[in-house]
Amino acid sequence: MADIKTVGVAGAGTMGAGIAIVAARGGYETVNFDLQDDVLDDAHKQTAAFFGKSVERGKLTEEEVDTILGRMRRTTSLQDLSTCDVVIEAVFEDLDVKQKLFAGLNDICPAETIFATNTSTLSITEIAGPSGRDDRCVGTHFCLPAQLNRLVEMSPGLNTSDETFETAWAFCEAIGQIPVKTKDSPGFILNHFLIPFNNDVVRMIDAGVAEPADIDIAIKTALGYPLGPCELLDMVGMDTQRLVSEALHGASHDPRAACPALVKKMIAAARLGRKSGRGFFDYDGQAMFGA
Amino acid sequence: MSHAIIDTGDSRSFPTDHALLDGAVDDGEVVVIIGKGAGARLSEAPGDKVAVVVELGTECLGVHTGEAGGDEGSNVLGFARFRLGDSDPTDLVELVCQPNTAVEAIDAARAVFENAGLVVAVCNDFSGRIVDRLIRPYYNEALRQLDQGLASAKDMDLTLKLGLGYPEGPIELLQRTGLSHHYEVAQALFEAYGDPAYAPARRSRVAMLRGE
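So the protein sequences, as listed, match chains R and L.
The opening position of the first sequence corresponds to residue 1 in this note's numbering, with each subsequent residue numbered one higher.
The opening position of the second sequence corresponds to residue 292 in this note's numbering, with each subsequent residue numbered one higher.
Take the hints with a grain of salt, since some may be wrong.
Said to hold, decoys possible - The list that follows gives simulated cross-link-like pairs (lysine-lysine, DSS-like), each with its CA atoms no further than 27 Å apart:
1) 45/R to 275/R
2) 452/L to 53/R
3) 181/R to 445/L
4) 275/R to 220/R
No lab work stands behind these hints, which were simulated from the structure alone.
In isolation and in its complexed conformation, chain L is listed as follows:
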């Protein structure tokens, strides 16, 4: 499955060279639109493509495609390569579908990413997709419990590493990847869901206000 790239600049998913970018051709069967302004350039994708895949930030795909009372879906999908703050992007691509997204479009988009060495997880069009939706309450709680003296940062991190085999504890991970970024994502999810579990923890707000 061949693919073309429309690069709108400042992609969080592909900030540097990658096999996906290297393997692109001018008239690919799948169009991948990357960069901060990807959604706004959706109309530039030719209409005869098997799939058009738009890079998302924290927003839903429906913001770009419009929605139709639960019947939305076409050959347009969303995607984001998971990345925590300033760390390098991971190999995970969350591929975002709508209720009536064409199966052949999902298969084609999956093939394009997998051929570039990435790992695809398919999800429906919800804010935070899979990973952010799950981890932001956990990270918020870790920061809150640090404030409330449940344990030291070192003991909290050590417990989760020894107890569950996590490669990194939540506090060291957030400090490494940027508390401000956690604030931005958690705030977006809090606005989307109104669930207090997503309300950014105090320490991330402090980091954001300090521009850290």
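This is chain R alone, in the form it adopts within the complex:
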């Protein structure tokens, strides 16, 4: 990995912060960019808490954590990504936002810098199109929580060069992740299957086939899944399920990806899931999962 020394991560939300942790832990100088100071501050707190747990659990020493944190920088200036060898964007899931970011980076980064997108539903080719370097753009979809889940779905766009894909693949392996190759297709593998499956679950509840608790028991017992789909939906949140459904449906036109009416009703009724204390199940007094 002689070619990559410094990693930029654009976006400091849950995904961006997690990716920055992975890159810095993997030994790379890491610059985390976000327009908002408070988002960067939250990311810093999330990072400190994560590594604090790592020390508590004996996975890292305090000295190792200090070294990792020493490799991490935060910035609100896009210009600070100009020295990066790879920039992974994890900004809002919006084609226009991502295209403009890559176009802006193209103006300031060296020609050899690879642009990677963490999109979960959008087309790599479409994001890369106006970037000015679509042969050096690649999809790297990290999975939540990025600092714990080693999976990265890697997708070449239509014009991604073999060299770019191979370099990005090797980089993913170098930071300890497990890459899998997928086509540049809506939802790639994980969301292509998960979003419609979860929508089927919601429609099944709406149709009166079974109660959420019975569906969860059935799926966990029959298939050995660690979480029932209704528990998972409550963690994801109905608002997020709606967003990802609309994004996937917009790209694929798969009727199973269309947001179910019950999801919209639950949002209107403030039954978002764990984050609002009530979704398919009640969570009185229970801590929220994730962020």
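Fit chain L to the known structure of chain R by using the hints.
For chain L alone, kept in the frame of chain R given last:
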């Protein structure tokens, strides 16, 4: 809650010895009818039982009990122990009710299965019940995407295991348990619902035609 068994042979739910079969008595308060011909033997169950539970295949309970404009329901329930193809049956029992199924019948049937170490999920009388209704579109899509080159079978399986903690990916699971069985169940659901998501994927049709 005691139970009696009427065994009509070739049960998919209980192909071998099980605590449910071992614990049966001649005059149980609940009658469990198992085997391929279970529905046809429904009339043999005495009328004074708390519950009569009939093993189902892919058909609805209403095929055996008849339906009454949404008011159907009695002490008769359906059940199936979930099993993928030729693999061993799981511990899941899907217990099938109708709109007016007696609550005491549901409770009694649940107790019988749970006392035998099984896990019960209650559902209403829909084709595919809970699990098949949910997983068959997913398995079809996995097979279709394998044809369309979304990813290799290995990468597809690995992604779903690493990403969601599934113990097995869809392709390896279908190959282990039998693509022909998937074809049979998916075809039955496709006929029931007319939803293209249930139309058996090409690879399962090929397996069925080859008798695999």
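Now for the hints, and whether the structure bears them out:
no. : hint           : verdict
1   : 45/R to 275/R  : holds, 20 Å
2   : 452/L to 53/R  : holds, 25 Å
3   : 181/R to 445/L : holds, 10 Å
4   : 275/R to 220/R : holds, 23 Å
The structure fails none of the hints (numbered hints given earlier).
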